[in-house]
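Participant: In case you want the letters, here they are:
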Amino acid sequence: MSQLSLFTVYLLLAGATAIASAALAVKTKEDFYAAVLLGITGLSVAALIGLLGYTFLAVFHVLVYVGATVMFVVFGVVLVGRSAGSERRMALPAAVTSLLVAGAVYVLLRQAAVSRVGVDLARAASELFEGSATALVFLALALASLVVAGLSIASGRGGGE
Amino acid sequence: MMGEVLAVVSAALFGLGAYGALTSRSAVKVLISLEIMFNGAVLAALLLTSSTAPGAGFQLVLFAVALGSVEVGVLVSILILLYRRMRTVDVYQVPGLEVVE
Numbered sequence: 298m299s300q301l302s303l304f305t306v307y308l309l310l311a312g313a314t315a316i317a318s319a320a321l322a323v324k325t326k327e328d329f330y331a332a333v334l335l336g337i338t339g340l341s342v343a344a345l346i347g348l349l350g351y352t353f354l355a356v357f358h359v360l361v362y363v364g365a366t367v368m369f370v371v372f373g374v375v376l377v378g379r380s381a382g383s384e385r386r387m388a389l390p391a392a393v394t395s396l397l398v399a400g401a402v403y404v405l406l407r408q409a410a411v412s413r414v415g416v417d418l419a420r421a422a423s424e425l426f427e428g429s430a431t432a433l434v435f436l437a438l439a440l441a442s443l444v445v446a447g448l449s450i451a452s453g454r455g456g457g458e
Numbered sequence: 015m016m017g018e019v020l021a022v023v024s025a026a027l028f029g030l031g032a033y034g035a036l037t038s039r040s041a042v043k044v045l046i047s048l049e050i051m052f053n054g055a056v057l058a059a060l061l062l063t064s065s066t067a068p069g070a071g072f073q074l075v076l077f078a079v080a081l082g083s084v085e086v087g088v089l090v091s092i093l094i095l096l097y098r099r100m101r102t103v104d105v106y107q108v109p110g111l112e113v114v115e
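Chains as they are written, first to last, in my numbering: chain G, 298 to 458; chain R, 15 to 115.
Only chain G is shown next, with the shape it has when bound in the complex:
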């Protein structure tokens, strides 16, 4: 019997936590618990990212995704304060569809990892960050205006009747 290394134990633990917390987030009836479980999923995914070797990205994921995004959702849930349940008639078709989707993603990932085909992401990234710096500035401005638009929509002054 081969001994499991500490790295493998961490990997399996983070993977199992991510799947379990995501399953509980989908199944729980309370939106608040679902938002908190989404945060735990985010932390587990950050751990997996760190184990993959992207430590800075893992910290960024915790700070920006878990720290900001999940907090947004939690405060949204607290402000709204009520839930709407689930659609039981859709359970079986949704289960079949999601199983097919998950299987397709798994097969795609395994095949892509074996064949190593696809777009040249290194070239795409260098063109994006070195050749399109002005476009990135405009993108940042567009993102900032999106935040303002979101706040305007939430306050009810974003148009419509």
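Hints listed in this document are in silico derivations from the structure and should not be mistaken for laboratory results. Just so you know, even glycine gets a beta-carbon here, dropped at the ideal spot from N, CA and C. One or more of the hints may lead you astray.
[Claimed, not checked] Just some of the chain G residues that point at chain R, by a computed CB distance under 7 angstroms:
| no. | residue |
| --- | --- |
| 1 | ALA317 |
| 2 | ALA320 |
| 3 | ALA399 |
Here the structure of chain G is known, so what remains is to put chain R in place on it, guided by the hints.
Facilitator: Same frame as chain G, but now just chain R:
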């Protein structure tokens, strides 16, 4: 081993998110399910680029996480407006999205 585990986790997150998005009536739960799918997509992108172009995967995922955060901010704002106008977050009661029997 690592690639296998990450592929399983990524596919499972994607499938669980799809299930939640299809079955939930609450707009908040739909948003949370879509965010679970987003986490699966982030893992898949990093897994695919980790051996061939790690720097590119890093930059693209950095971008995706930042964009995802802004998107959630806007969506939560829309949900709050929906609740203020309709007094419900049930997507089946939103005008134009009602279930036709």
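Participant: Are G/ALA317 and chain R close enough, Cβ to Cβ, to be under 7 angstroms, as the hint says?
Facilitator: For G/ALA317, the interface hint is violated, since the closest Cβ of chain R sits about 10 angstroms away, which is over 7 angstroms.
Participant: Does the closest beta carbon of chain R sit nearer than 7 angstroms to the beta carbon of G/ALA399?
Facilitator: holds (3 angstroms)
Participant: Does G/ALA320 meet its interface restraint, that is, does its C-beta lie within less than 7 angstroms of any C-beta in chain R?
Facilitator: holds (6 angstroms)
Hint 1 from the earlier list is the only one contradicted by this structure; the remaining hints agree with it.
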